[in-house]
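Q: Sequence:
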Amino acid sequence: MEFNSIVIDVNSYQNQTFSATINSVQTNHPFELDKALPPKMTTTLSDNTANLRSHLLFHGMKAYAFKSQEDQGNPQKYNIPVTSLSQQRKREIDEALLQCIIGAGLPYSMFNHSSVIHFLKVLIPEYTPPDRHTLSSRIINEYHQYISDLKSVLPHVRPIAFASDIWKDVSAHHMIQLSLHTFTMNFEFVSLPISFHLFHEQKLSSNIQAFFEHERDRFSLNTTILAGITIDNGPDIKSAASYNILGPQFACLAHCLNLTIHHGLSLWEKPNSKK
Numbered sequence: 015m016e017f018n019s020i021v022i023d024v025n026s027y028q029n030q031t032f033s034a035t036i037n038s039v040q041t042n043h044p045f046e047l048d049k050a051l052p053p054k055m056t057t058t059l060s061d062n063t064a065n066l067r068s069h070l071l072f073h074g075m076k077a078y079a080f081k082s083q084e085d086q087g088n089p090q091k092y093n094i095p096v097t098s099l100s101q102q103r104k105r106e107i108d109e110a111l112l113q114c115i116i117g118a119g120l121p122y123s124m125f126n127h128s129s130v131i132h133f134l135k136v137l138i139p140e141y142t143p144p145d146r147h148t149l150s151s152r153i154i155n156e157y158h159q160y161i162s163d164l165k166s167v168l169p170h171v172r173p174i175a176f177a178s179d180i181w182k183d184v185s186a187h188h189m190i191q192l193s194l195h196t197f198t199m200n201f202e203f204v205s206l207p208i209s210f211h212l213f214h215e216q217k218l219s220s221n222i223q224a225f226f227e228h229e230r231d232r233f234s235l236n237t238t239i240l241a242g243i244t245i246d247n248g249p250d251i252k253s254a255a256s257y258n259i260l261g262p263q264f265a266c267l268a269h270c271l272n273l274t275i276h277h278g279l280s281l282w283e284k285p286n287s288k289k
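In my numbering, the protein residues as written are 15 to 289.
Hints are not guaranteed to be accurate.
[Unchecked claim] List time: in silico EDC-like cross-link candidates among lysine to aspartate or glutamate, alpha-carbon distance up to 20 Å: (1) LYS135 <-> ASP145; (2) LYS104 <-> GLU156; (3) LYS182 <-> GLU215; (4) LYS217 <-> ASP250.
[Stated by the list, open to error] Pairwise CB distance ranges, derived in the manner of DEER restraints: (5) TRP181 <-> GLU140: 40 to 50 Å; (6) GLU215 <-> VAL184: 12 to 22 Å; (7) SER129 <-> PHE264: 47 to 57 Å; (8) GLU227 <-> GLY278: 13 to 23 Å; (9) SER256 <-> GLU202: 28 to 38 Å; (10) TRP282 <-> ASP145: 17 to 27 Å.
Think of the hints as simulated: they come from the structure by calculation, not from any bench.
Note that beta-carbon positions come from the ideal geometry of N, C-alpha and C, so glycine has one too.
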């Protein structure tokens, strides 16, 4: 299993007698990403109808499309001869494009823009990039494969340390993340995200504690040496981590230093005698 040029090999860890494959933990827990997706919200700004016309064009209603939208996927527009492309080569390019979107955090529709299509036609005349719907479905498959690989490897990795944080985004939704940190037999540092999504429960210590328990059980980490979890000094997450579900808790030194400077020097606010 390879992430960011670091290969995780089950056989490179101490316990080599364990099987490298385990059954996935199936739950209906509210923390499962696929079980409670937020409602999709759409907004319409001004009187621009380009997106609506593109949608109709996608369903074959060409009469409503702009001329530029009709030419978007037409290779003859660029006066470039089209030849056949082997299926294997197309899959390789599709995979490279998908990893580009994942690694750089690009929008799905980027490679469907007319300028990008023209650029790709110059490089590879016979290649047409997949549309955003195809890319979206493939990224979902990549996610499930990533989780499956983690479930196979993590029970045989020890020790494992964690870091977690919870915060509110600009939409007033709480986000929560959990990452793991370990090293190989060659002391190569490995850091991987294992959970990052909306926190649909109330921001209570009991719910955060349940989230930690769910992630521990989801990846079968009950028999793994858990070195501890690093968190900020928020009272809710601090209380949840105090039960040693993922090992002993440690305060984040960066957060502590920031609070010391903030309250000690009072550069931005007047001193508070209670702190």
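Q: Each hint: holds or not?
A: Status of the hints after comparison with the structure:
1. Distance check on the hinted pair: LYS135 and ASP145 sit about 15 Å apart at the alpha-carbon level, within 20 Å; holds.
2. For the given pair, LYS104 sits about 18 Å from GLU156 by alpha-carbon distance, which is consistent with the 20 Å threshold.
3. At most 20 Å may separate the alpha-carbon atoms for a hinted pair to count; LYS182 and GLU215 meet this at roughly 13 Å.
4. Restraint check for LYS217 and ASP250: the C-alpha separation of about 7 Å stays at or below 20 Å, so the hint holds.
5. Range check, TRP181 to GLU140: Cβ separation about 46 Å, and the 40 to 50 Å hint holds.
6. Taking the beta carbon of each, GLU215 and VAL184 are about 20 Å apart, inside 12 to 22 Å as hinted.
7. Remark: the range hint 47 to 57 Å for SER129 to PHE264 is upheld by a beta-carbon distance near 49 Å.
8. The supplied range of 13 to 23 Å is broken by GLU227 and GLY278, whose beta-carbon atoms lie about 37 Å from each other.
9. Restraint check, SER256 to GLU202: a C-beta distance of roughly 32 Å satisfies the suggested window 28 to 38 Å.
10. Restraint check, TRP282 to ASP145: a C-beta distance of roughly 48 Å breaks the suggested window 17 to 27 Å.
Violated hints, in rising order: 8, 10; the structure is consistent with all others.
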